[in-house]
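Mind docking chains C, R and A on chain Y? Use the hints.
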Amino acid sequence: MKRIALISTLLAGALLIWGTRDFPSWGDPNAPASRHVSPTYIEGTVKDTSIPNAVTSVLGDYRGYDTMFETVVIFCAGIVVISVLRRPDA
Amino acid sequence: MSPTNLHMYALATPLIGAFAVMVLGRYSRRAVAPIVLGVLSFSFAAALTVFLQVLSGGGFRYVVGNWLAPYGIELSVDHLGSLMQVLVSGVALTASVSALKSVANDLQDRQHLFFTLYLILIAGLHGLVLTADAFNVYVLLEIASITAYGLIALGRGRAIVSSFNYVIMGSTGACFYLLGIGYLYILTGTLNMADLARIIPTLQSGPALATAFSFCIVGLWIKMAFFPLHVWLPNAYSDMPDGAAVLVAPLMTKVTIYLMIRFMFSIFSPAYEFIQHAGVQQIVVGMAALGIVCASAMALGQKNLRRMLTYLIIAEVGYMVGGVWLANTQGLTGAILHIVNDALMTLCLFLAVSAIASRAGALDFESLRGLFRRMPVTMAALVVAALSMIGVPPTCGFFSKWYLLLGGIQAGQWLYVGALIFSSLVNAVLFFRVIEIAYFRTPDEGAHGSGHEAVPIREAPAAMLQPLVAAAAALVVVGLATGPLVQHVIRFALPGGF
Amino acid sequence: MDAILTEIIAKYNYWIYVVLMMIGFYAMIGKNNLVKKLLGMNIFQTAIILMFISAGVKKGGLIPIIDKQAALEHGVNSALINNPVPHVLMLTAIVVSVSVTGVALALMQRIYRRYGTLEENEILEKMDR
Amino acid sequence: MNLQPSTWPLAAVLISLLGTVPILLSERRPNLRETWTVLISLGKFAIIASMLPAVLEGGGYRFTLAEVLPGVAIALRVDAMGMYFALVASFLWILTSIYSIGYMRALDEHDQTRYYASFAVAMSATIGVAFSANLLTLYLFYEMLSLSTYPLVTHKQDAEARSAGRKYLTYLLGTSVALTLPAMILIYVLTGTLDFSVGGILAGKADASTVSILLVLLVFGFAKAAVMPLHGWLPAAMVAPTPVSSFLHGVAVVKVGVFSILRMVFFIFGTGLLADLNLGAVLTALASVTILGASLVALTQDNLKRRLAYSTISQLSYMILGAGMLTTAGMAGGLLHLSMHAFGKITLFLCAGAIYIAAHKSNISEMDGLGRRMPVTYAAFFMASLSIIGMPPMGGFLSKWSLVVGAIDGGQLLLVAVVLVSSLLSAAYFFPIVYRGFFARAAGENGPEEIREAPILCLIPLSVTALFCLGLFLWPSLALQLIQMVVSP
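Residue numbers (our numbering), protein chains in the order written: chain Y, 47 to 136; chain C, 12 to 509; chain R, 118 to 246; chain A, 19 to 507.
For reference, chain Y alone in the conformation it holds in the complex (with noise of 0.2 Å):
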């Protein structure tokens, strides 16, 4: 099991290294991540929003979706847990 579990952890390693190769540069401002999409909320956010925090805009109204996902994820692990320890049994 462990001889396993040693062997995927580097095959994992190496594949993710071996992905890094075409990656943009760290800080590079021309990297993809900072050219598409980023850039409009990062100059909408006061027009659009109000909020100057362009990650409180983006967390709480672009992607608010995702954030009320968020937070039934919290609910249903406090129920989970809830239950979980109300176990009758020992």
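Treat the hints loosely; a few may be bogus.
[Claimed, not checked] Quick list of in silico lysine-lysine cross-link-like pairs, DSS-like style, CA-CA up to 30 Å: (1) K153(R) to K243(R); (2) K379(A) to K314(C); (3) K176(R) to K128(R); (4) K174(A) to K379(A); (5) K185(A) to K314(C); (6) K314(C) to K243(R); (7) K176(R) to K93(Y); (8) K185(A) to K174(A); (9) K185(R) to K48(Y); (10) K48(Y) to K153(R); (11) K185(R) to K93(Y); (12) K176(R) to K48(Y); (13) K185(A) to K379(A).
Calculated directly from the structure, the hints in this document are not laboratory data.
For chains C, R and A alone, kept in the frame of chain Y given last:
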């Protein structure tokens, strides 16, 4: 309520119902059933309406909060999505009738907790089916998984250990998926599926893209228990309370396969998977074939009805993954059809199991003796489901198998074709063994003569029998409706290039 | 040689995270103790979070909080402000990770109460009995 | 052929399927239940017979339920071949039902409701096979028949029945999933259709090796035809109550197997294609081995029903042999043998059952002198065995004659020898039974003196079928007319 929002209501009502059950169910146990049934019937009706709309008017995309894609989160209500929505809500409604009964027996004062999780799980599955955003999939997948962990942990005996193992495996899958999405985001800067599909062909198909693809796919494979990543499933599914198994077993793996189809064809393209990396296709179909054979063989070794079924679920996952990766129209049609059919078959089987468990107590083969006499209706439904699993017309299992075999022959994947036929034969042996045990009388009954007419019929309660009969009937009806289903729905659900 | 060096300088952050991930992943699937598995899961998730966050960095970029007045008057130069999207995604991922950890801890407590151990092989032994 | 759309074919199939409902509901009132059974069987025969005139005029009916795959529907058609089989089967069902009532009551069997319900479902499946319009529909009803007869075969529910049932389903389901289904898919891939059409659908679509593979797959895939080496289920299934055995051998199951193979030969492969590719020999070779092999085994059996079972295995292959000759007379002989054997073999089984009811004996060596106590039964037995052997003035003579003529027409003298030798063998395994019955003296104290004829409800059917063996020799025109329409359309 504008008609274009109905798909959102189908999702939102179970969610709201979950809170209602949580709050009201604490005070009055009697409040649970009406809320659950009401919410799910509404959800089903809404999904059906949307489905009919899509059939007549075509699919549409919906932007949440009116933020245009790719800035906001987009939902896609197309043929495939709304078909899945009908499937999810239909199965959930049917299952819940039986679950309400069995949970009332199993978990007296924790019913409201159970049904809160149950409804959130359904809402999560609706969300997964609708979403067109890659990150949103991650969040919803975790909702579905966490609720499933909780439902499993409500089971008896070693259920907590099974649940913990599932947590570890499920989180591994989710982490892999998230990693893949991270790579994709770094490469493209977007999370919207349509936008990704637009950008990915412009990128050079390099190592990063391949890594992103493989991590996402492997993550989904872990979640759907594709061989050899299946080890968590048998324990988790057999230790669940019956009420949870009737929902989780039919839907969880099937929705994940739907996600794989979305991921492969709405984010990446057939050209990427099947033309640029044709060798991978061979390997995956081979793995599917191996998975079918191994899971069927392992099912043969089981001595407990429900545990046997869990291995069959793994084999069926192999059917569908293999069908998708056959890379031809017939195979993909078969895979999509099999998502629907397998959900119904598994539903019927697990409803029957739950009905049997309510009367016979245990589910090991020995305790099934003489069941035909005691529970004729339940056993008849089980036989119908068994026929569908074996692939006997006119039950629906035959037709999806037909398409899958056709696709396999067309693709020249003889290993896969052989595995399908092998698994049909194994299914015949497996179910026949069960039926034989249940058909022949118990040893303590009289040897001959009219003596055993006296054994009383002791059927499951009506609340468990009705959904079971409905599911069994659905197997035949869907089987006979295969033609229109393929012609008017699945043909449009196939991605471009097919 | 230079090429390799620039590659290292440009990507070393990701590589560190990959190493972290490997540690976490190995612990998740290779360790016998349930607590260690759970810790491995947290390491894995933390590594992913770090990877996302570092993807949002721009050289010399500022935090994504914008002066309202200036924005309305002159507009915003997005090249100077860090990408907020990974932060948002990771807020969600952190919540998910915390929730799963909570669930797992609760389960673990029950397991410990029932079997008196958190070593997987010992639990399996006791289960068979 | 001009087929009008009509719901009558559906009615013919469904009447007995829906008939299970009143049968099940009247579980506590046996008289009502049996009335239902007989009424349904009469109704079924009436519906089928009402469609006969149109068929004789060269027309027929069709019914499409649903198009389930592109180009393939679940559909029924009533043509000469289906009509021929359906008439025989539904007529014999009436007699079997009446006989069942006598038999089951005389032995006070358990679970009679289940028995009659399964019987009705099996009958629906049989007529479904007869009226199938394509291979998929045929496959559907074929499987339905395998499954609905399982409770009949294992009616006793003891250890022996259990292992027999296991063997029964393993052979029948296993072959149909492993052989017929792949063959069906292959045909669909090659031709894009599964519809039966006169002259076959494979011509020009497949090469010789593919066609021969398909032929072998289908001959063995329809294991109900009990072509050796896939015959083992049939003797095992003898644990069933005797009316069931007669149903298996006479009315339905094995005939369905042969009928399916003949359907394939005439309507999927086409006799022309088989003749062009010289593949008739595949069929005749397989059939000849089974005919002779099973006859030899039959000689060694002491249990009456087992001897009859091996006789059936041998006789079934006559029909395949006839089809394989690919001459008009040969094919007609094969088809004719379907009904001749049906009437003959059902009589023999009904007699075996009557002997079991009256004397509780199932081994031939114990039946000395019984004929003198049960003259009607033994007379019927004698007539039927003459028919099976193929001696005038019994119907079996006509079919064997036609087979011999067909073999000579085709210049296949070896096949003439096969038919003649096996007729001698069948005489050798039937005559001793009759001889012992009438002339041998019984030993032991429990002599035949106390034994009387079986109940009247058993005697009537077996007399009727025995007389039909004779009648079919004298007036075979209806059967011949229908067969002529199949063989030379």
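Taking the hints in turn, this is what the structure says about them:
Distance restraint check for K153(R) and K243(R): the Cα-Cα separation of roughly 20 Å lies within the 30 Å cut-off, and the hinted pair is therefore satisfied. For a cut-off of 30 Å, the pair hint linking K379(A) to K314(C) is broken: about 41 Å separates their Cα positions. In summary, the hint linking K176(R) to K128(R) is supported, as the alpha carbons are separated by about 14 Å, within the 30 Å threshold. Distance check on the hinted pair: K174(A) and K379(A) sit about 17 Å apart at the alpha-carbon level, within 30 Å; holds.
Taken as a hint, the K185(A) and K314(C) pair is honoured in the structure, with Cα atoms around 22 Å apart against an allowance of 30 Å. A distance of roughly 21 Å separates the Cα atoms of K314(C) and K243(R); the hinted pair therefore holds under the 30 Å criterion. For the hint pairing K176(R) with K93(Y), the CA-to-CA distance comes to about 26 Å; that is within 30 Å, so the pair holds. A hinted pair counts as satisfied when its Cα atoms are at most 30 Å apart, and K185(A) with K174(A) qualifies at roughly 15 Å.
Between the alpha carbons of K185(R) and K48(Y) the distance comes to roughly 56 Å, so the proposed pair goes past 30 Å and is violated. This hinted pair checks out: K48(Y) and K153(R) have alpha carbons roughly 14 Å apart, not beyond 30 Å. A C-alpha spacing of about 9 Å is found between K185(R) and K93(Y), which places the hinted pair at or below 30 Å, so the restraint holds. As the CA atoms of K176(R) and K48(Y) are separated by approximately 41 Å, the hinted pair breaks the 30 Å bound.
A threshold of 30 Å between alpha carbons decides the hint, and for K185(A) with K379(A) the separation of about 25 Å falls inside it, so the pair holds.
In the structure shown, a violation is registered for the earlier hints numbered 2, 9, 12, in ascending order.
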